[in-house]
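Throw the hints in and build the complete structure from the sequences for me.
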Amino acid sequence: MEKLIFTAQIAATLFMTGVIWVVQLAQYPLFSFVGTEKFTDYHDAYRFRITWIVAPAMLVELVTAGLLIFFPPPEIDPKILWAGFALVLVNWASTFFLQVPLHERLAAGFDPAAHRALVRTNRVRTAGWSLRGLLMIWILWQTLRF
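Going letter by letter, the sequence shown gives residues 1 to 146 in this note's numbering.
All clues given are correct.
Computed cross-link-like contacts, DMTMM-like style, restricted to lysine to aspartate or glutamate with a CA-CA straight-line distance of at most 25 angstroms:
no., residue 1, residue 2
1, Lys-3, Glu-75
2, Lys-38, Asp-111
3, Lys-38, Glu-104
4, Lys-3, Asp-77
5, Lys-79, Glu-2
The hints are simulated quantities; they were obtained by calculation from the structure and are not laboratory data.
Since this is a predicted model, take the numbers as computed values, not measurements.
So, in structure tokens, the structure goes:
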């Protein structure tokens, strides 16, 4: 059971780490190139499609991060797993309290201030998933050493 949970955790985290870097460096900055006439339609389509990509991975990551606390790999200090779970909560909080409200503002039409805030505040998630990715790689390395 622990191996399945751990494998799903690593896969979801590394997937989301890659996604967040694409979002941070390409998708969000390119919003400003869409143009005001087509922005609302573009943004609606973006949100619909990106949700189908990220929601399953985020849910798997949340559930498996919680399960790892109860079914930890024996080689790993539980404090490390709690730190990983805390980073998941940071990413979820940033998503729902920062990015979602900014996307709601952008849904009404392109707003340069909201766009800048979206790119800027998304750095929280970029850092959070990057740290989680490194943490999962370190945990994997620790489990493979023993």
